[in-house]
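Fit chain B to the given chain A structure using the hints.
Sequence lines, in order, name chains A and B.
Note that the working numbering numbers the first sequence so that position 63 is 63, with each residue one more than the last.
Note that the working numbering numbers the second sequence so that position 110 is 110, with each residue one more than the last.
FYI, nobody ran anything at the bench for these hints, they're computed from the structure.
Hints may contain errors.
Said to hold, decoys possible - Keeping only pairs whose Cα atoms sit at most 25 Å apart, straight-line, the calculated SDA-like set for lysine to any residue is:
1) A:K57 - A:D40
2) B:K57 - A:G95
3) A:K9 - B:P39
4) B:K56 - A:E101
5) B:K103 - A:L61
6) B:K56 - B:L106
7) B:K59 - B:L106
8) B:K56 - A:S97
9) B:K56 - B:P8
10) A:K9 - B:V44
11) A:K57 - A:L83
12) B:K98 - A:S24
13) B:K103 - A:S86
14) B:K103 - A:S2
15) A:K57 - B:L45
16) B:K103 - B:V47
17) B:K103 - A:V112
18) A:K57 - B:S95
19) B:K57 - B:L106
20) B:K103 - B:P8
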Amino acid sequence: DSGVTQTPKHLITATGQRVTLRCSPRSGDLSVYWYQQSLDQGLQFLIQYYNGEERAKGNILERFSAQQFPDLHSELNLSSLELGDSALYFCASSGQSNTGELFFGEGSRLTVL
Amino acid sequence: TQLLEQSPQFLSIQEGENLTVYCNSSSVFSSLQWYRQEPGEGPVLLVTVVTGGEVKKLKRLTFQFGDARKDSSLHITAAQPGDTGLYLCAGLVYSNYKLTFGKGTLLTVNP
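Same shape as in the complex, but just chain A:
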């Protein structure tokens, strides 16, 4: 158990819809990262938050947005969903280490029909 909690574990929805994925980081971790994993693209970095502020942005589409709340939990919002958005979405958190180790949740599997 990494200590990172993600909900929901599975989500099935239709094209054009909007979903919200939720993540609670490990106790004490200030950084939250969101990744998308698909078979052909591997693990793609989407966005990072640190203590409520956006820290870094990766390959995140404009239809996607995220935020980190004062209690440090984070939400990833995916809108106008397309078939190609079907993937595993992982949240990870990190502590104060300067070697950047990440602790991943179990992921949310999104299926867009």
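Structure of chain B alone, referenced to chain A:
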């Protein structure tokens, strides 16, 4: 853009065999991490290597960081079915604190 190439992409072996998987880049990394991901789970950190030439052992797993800090290898001795999973390497660049993942090696160890 720092790219990490992992090879082989797929590896299927019998229990008891030895294997090595590779993680290569043209970029220099401040540190490199190895993760294992099992089906339906998130990646789990195995080890971090920091110093060029560093070798770390974790039971039957041996990790090496290249002298130039551009590449790494993972050697598994006497593989077991429980070693089955996707092995991911990830390199960190301190200057921008960016962590880049390779696409992984999918290992299957058959009993």
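(request) Could you grab the alpha-carbon distance between K57 of chain B and L106 of chain B and see if it respects the 25 Å cut-off? (result) 21 Å, holds
(message) Please verify whether K56 of chain B and P8 of chain B have alpha carbons no more than 25 Å apart.
(response) 21 Å, holds
(request) Assess, step by step, whether the Cα of K56 of chain B is no farther than 25 Å from the Cα of E101 of chain A, and give holds or violated. (result) Holds - the C-alpha atoms of E101 of chain A and K56 of chain B are around 16 Å apart, at most 25 Å.
(message) Run the distance test for K57 of chain A versus L83 of chain A: straight-line Cα separation, threshold 25 Å.
(response) Satisfied, since the Cα-Cα distance of roughly 23 Å is no more than 25 Å.
(message) Holds or violated: K57 of chain A and L45 of chain B, Cα atoms, limit 25 Å.
(response) Holds. K57 of chain A to L45 of chain B sits at ~23 Å (cutoff 25 Å).
(message) Just to be careful, I want the Cα atoms of K103 of chain B and L61 of chain A compared with a cutoff of 25 Å; is the pair within it?
(response) 20 Å, holds
(request) Verify the proposed pairing of K57 of chain A with D40 of chain A, using a straight-line Cα cut of 25 Å. (result) Holds. K57 of chain A to D40 of chain A sits at ~21 Å (cutoff 25 Å).
(message) With the threshold set at 25 Å, check whether the alpha-carbon distance from K103 of chain B to S86 of chain A stays at or below it.
(response) Given that 25 Å is the threshold and the Cα spacing comes to 18 Å, the pair holds.
(message) So if I understand the rule, the pair passes when the alpha-carbon distance is 25 Å or less; does K9 of chain A with P39 of chain B pass?
(response) 13 Å, holds
(message) Given the hinted pair K98 of chain B and S24 of chain A, is their Cα-Cα distance within 25 Å?
(response) Holds: K98 of chain B and S24 of chain A sit about 22 Å apart, inside 25 Å.
(message) Check whether the Cα positions of K103 of chain B and S2 of chain A lie no farther apart than 25 Å.
(response) Holds, because 22 Å separates the two Cα atoms, which is no more than 25 Å.
(message) Does L106 of chain B sit within 25 Å of K56 of chain B, going by the straight-line distance between their CA atoms?
(response) Cα-Cα ~21 Å, so holds.
In terms of the numbered hints stated before, the structure departs from none.
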